Amino acid sequence: MKRLYTAILILSVILGASLFALIQCYQFQQQAVPLLQQVLTDAESGRLTQAAALAKQFNESWQTTKDSMVWYIRHEPLERITDIAARLEYLARYDDVAQLTAQTSQLLICVDELYDNELPSLKNLA
Amino acid sequence: MFKIPVLSIRIISRIYTDTSDTKILKGADDMLISFLRTLILYLIVIFGIRIMGKRQLGQLQPSELVVTILISNIATLPIENSDVPLILGIIPILTLMSFEVILSTLTLKSLRLRKLVWGNPRILIRDGRIDQKEMEKLRYSIDDLMEQLRSNGIFDLQEVELVVAETTGLLSIYKKSQYEPLNAKNANINLPNSPAPFLVINDRRVLSDGLKNCGMTPKELEKLLKKEGYRQEDIFLMTCTQDRTVYIVPMERN
Numbered sequence: 002m003k004r005l006y007t008a009i010l011i012l013s014v015i016l017g018a019s020l021f022a023l024i025q026c027y028q029f030q031q032q033a034v035p036l037l038q039q040v041l042t043d044a045e046s047g048r049l050t051q052a053a054a055l056a057k058q059f060n061e062s063w064q065t066t067k068d069s070m071v072w073y074i075r076h077e078p079l080e081r082i083t084d085i086a087a088r089l090e091y092l093a094r095y096d097d098v099a100q101l102t103a104q105t106s107q108l109l110i111c112v113d114e115l116y117d118n119e120l121p122s123l124k125n126l127a
Numbered sequence: 006m007f008k009i010p011v012l013s014i015r016i017i018s019r020i021y022t023d024t025s026d027t028k029i030l031k032g033a034d035d036m037l038i039s040f041l042r043t044l045i046l047y048l049i050v051i052f053g054i055r056i057m058g059k060r061q062l063g064q065l066q067p068s069e070l071v072v073t074i075l076i077s078n079i080a081t082l083p084i085e086n087s088d089v090p091l092i093l094g095i096i097p098i099l100t101l102m103s104f105e106v107i108l109s110t111l112t113l114k115s116l117r118l119r120k121l122v123w124g125n126p127r128i129l130i131r132d133g134r135i136d137q138k139e140m141e142k143l144r145y146s147i148d149d150l151m152e153q154l155r156s157n158g159i160f161d162l163q164e165v166e167l168v169v170a171e172t173t174g175l176l177s178i179y180k181k182s183q184y185e186p187l188n189a190k191n192a193n194i195n196l197p198n199s200p201a202p203f204l205v206i207n208d209r210r211v212l213s214d215g216l217k218n219c220g221m222t223p224k225e226l227e228k229l230l231k232k233e234g235y236r237q238e239d240i241f242l243m244t245c246t247q248d249r250t251v252y253i254v255p256m257e258r259n
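Residue numbers (this note's numbering), protein chains in the order written: chain A, 2 to 127; chain B, 6 to 259.
Quick caveat, the hints were computed from the structure, so don't treat them as lab data.
A quick note: this is a predicted structure, and the numbers were derived from the prediction, not measured.
Be careful, since some hints might not be right.
Subject to a maximum C-alpha distance of 25 angstroms in a straight line, what follows is the list of computed DMTMM-like cross-link-like pairs (lysine to aspartate or glutamate) [claimed, not checked]:
1. B/K142 / B/E69
2. B/K181 / B/D208
3. A/K67 / B/E69
4. B/K180 / B/D239
5. A/K67 / B/E171
6. B/K181 / B/E171
7. A/K3 / B/E69
8. B/K190 / B/D214
9. B/K190 / B/D136
10. B/K180 / B/D161
11. B/K181 / B/D161
12. A/K67 / B/D214
13. A/K124 / B/D88
14. A/K3 / B/E141
15. B/K120 / B/D136
16. B/K120 / B/E85
17. A/K3 / A/D68
18. B/K228 / B/D214
Quick partial rundown of chain A residues pointing at chain B, CB under 8 angstroms, derived from the structure [what the hints assert, rightly or not]:
19. R4
20. L5
21. L12
22. V71
23. Y73
24. E77
25. R88
26. Q107
27. C111
28. L123
Ideal placement from N, C-alpha and C gives every residue a C-beta, glycine not left out.
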C-alpha cells in the first residue's frame, strides 16, 4: 500500500506542477501580448521612444520569466523569444520601423505559441 | 586594498573574449551537464524500478514489459539532447512508474481487470495431446513449443502430461508421473523436514534480517561464534538454520 500512496502522491505532484506551468504560461501571455501590441501601435504611429521603452520593459520581464520557464519548456522556443526581445529596443532606438514591426509581430506569434503548445488540447496531443 | 593581478585580468578577459577558448569552455560545460543529467536520470530510473517492486525485475507481464521499454527509451532523450529540459524526461518516467504501480494494485484486487490486462494462461498440451487450435490462436509454432520443451530438458513429447503457456510467455510443464524423477515422495520414504539456511554474515557484516529469520539474537550469535572459535571479522560467509546448524566460510588471509 505504501507504494500505491507514493505513486498517487507523485502523480498529484506532477499534475500540480503541470498546472503551475500552464498558469505561468497563461499569465505571461496575458501580460506580454498587450505590451507587444502597444509596441506595434507605437511603432506604426511613429512614437519610437515609447516603443523602445516598452520593448526594454518586455525584455526585462522576459529575462525573469525565462529563468523559470527553462525548467519545463524546450529551450529552442525560449531562445527564439530571447533573441527577438533583445533586438526590439535597439530597432526602435535606431528608427528601423520596418524591422521593428516585423520582429514584434513575430514575437507576438512566438508568445502565443508558447502558451498554445502547453495546452493539453487535441492538436497538441496528436 | 585588494588588487586583482594584471595577469589574472588578462587571462580572464582572454577566456571570455577568445572565441576558440569560449567554445572549449562551453564544450566542457556541455560535458559536465551531460554527466550530471545522466546521473540524475540514472537515480530517477533506479528509484522508479525500486518503487515498481521486485515483480519488475523478474518475469515481465505485458504491461510491465511495455513500461520497462518505454522508461529506458524516454530516459535517453534528455541525455542526448540538452535542449530538452530534464523535467520533460523525468515526468514521463514517474508517470509510467506511478500508473504501473496503480495498475498492478488494481489487478490484485480485480480478477477481471487482471485477465483484461495480463490475459489468461492457456493450455497447449492436455492429457499428453497437443491442442492445435490453441496453438494457432497463440500463434505458437511447433518449433517454438519444441524449443521451449527442450530448454526444459524434455526431448520426447510423450513425457508431457500438461503444458501451460503463462501470461509471461513462458511454458510451465507437468510431466507424466512415470517420467518424473525419483524422489522421497514417490519412493514412499519418510524424511524429516530440514529447515532452510539463511545468510547471517556476509563479508564480515551481520545481516539483521538473516538473524531474525533463523531466530537468533546478536548475543546468541556472538556465543555461537565463540563456541566455533571465530570472530565476526574473520568470517566471509555464514549461514544458519532455525535448528542452529551453521555453515561458516572463513576469510582467506593474504
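Tested hints:
no., hint, verdict
1, B/K142 / B/E69, "holds, 23 angstroms"
2, B/K181 / B/D208, "violated, 44 angstroms"
3, A/K67 / B/E69, "violated, 38 angstroms"
4, B/K180 / B/D239, "violated, 47 angstroms"
5, A/K67 / B/E171, "violated, 52 angstroms"
6, B/K181 / B/E171, "holds, 19 angstroms"
7, A/K3 / B/E69, "holds, 19 angstroms"
8, B/K190 / B/D214, "violated, 32 angstroms"
9, B/K190 / B/D136, "violated, 31 angstroms"
10, B/K180 / B/D161, "holds, 11 angstroms"
11, B/K181 / B/D161, "holds, 11 angstroms"
12, A/K67 / B/D214, "violated, 51 angstroms"
13, A/K124 / B/D88, "holds, 23 angstroms"
14, A/K3 / B/E141, "violated, 42 angstroms"
15, B/K120 / B/D136, "holds, 21 angstroms"
16, B/K120 / B/E85, "violated, 38 angstroms"
17, A/K3 / A/D68, "violated, 36 angstroms"
18, B/K228 / B/D214, "holds, 19 angstroms"
19, R4, "holds, 5 angstroms"
20, L5, "holds, 5 angstroms"
21, L12, "holds, 5 angstroms"
22, V71, "holds, 7 angstroms"
23, Y73, "holds, 5 angstroms"
24, E77, "holds, 6 angstroms"
25, R88, "violated, 21 angstroms"
26, Q107, "violated, 20 angstroms"
27, C111, "violated, 16 angstroms"
28, L123, "violated, 19 angstroms"
Hints 2, 3, 4, 5, 8, 9, 12, 14, 16, 17, 25, 26, 27 and 28 from the list above are not met by this structure, while the remaining hints are.
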